[in-house]
Amino acid sequence: MGHSKLDLLQGTLDLMVLQTLASMGSLHGYGIARRIEQASGDEVLLNQGTIYASLVRLQQRGWISARMGTSDNNRKPSFIRSPNAAANS
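If you count by this note's numbering, then the sequence shown holds residues 70 to 158, one letter each, in order.
Hints in this document: simulated from the structure, not taken from any laboratory. Quick caveat: nothing in here was measured; it's all calculated off a predicted structure. Please note that a few of the clues may not be correct.
As the list claims (entries may be wrong) - Computed list of lysine to any residue pairs in SDA-like fashion (alpha-carbon distance at most 25 Å, straight line):
1) Lys74 <-> Arg126
2) Lys74 <-> Asn116
3) Lys74 <-> Ala135
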């Protein structure tokens with residue numbers, strides 16, 4: 070796969086992540102991946118490595134931030150949010 074096709078695929082996933090955060094608010098990485106899969110009718114299937122690579126790219130660019138929290142089952146995931154969502158929550 071050429072470099073520009075890879076950039077296009079990564080950019081598309083990054084936009085899906087940002088759109089999910091804008092519409093759903095803060096979520097952990099697993100929740101973001103499941104929501105994208107659900108919204109696509111399971112046409113887009115994401116593994117852990119794929120979603121977390123996107124989250125790292127977005128965080129390095131300053132487009133999202135993470136904070137530690139506690140989930141419903143008492144785990145301590147990082148909850149991801151976009152700066153715009155943070156201002157609205």
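Structure-based check of all given hints:
1. Among the hinted pairs, Lys74 with Arg126 is consistent with the structure: their alpha-carbon atoms are about 17 Å apart, no more than 25 Å.
2. At most 25 Å may separate the alpha-carbon atoms for a hinted pair to count; Lys74 and Asn116 meet this at roughly 19 Å.
3. At roughly 28 Å between alpha-carbon atoms, Lys74 and Ala135 are farther apart than 25 Å, so this suggested pair is violated.
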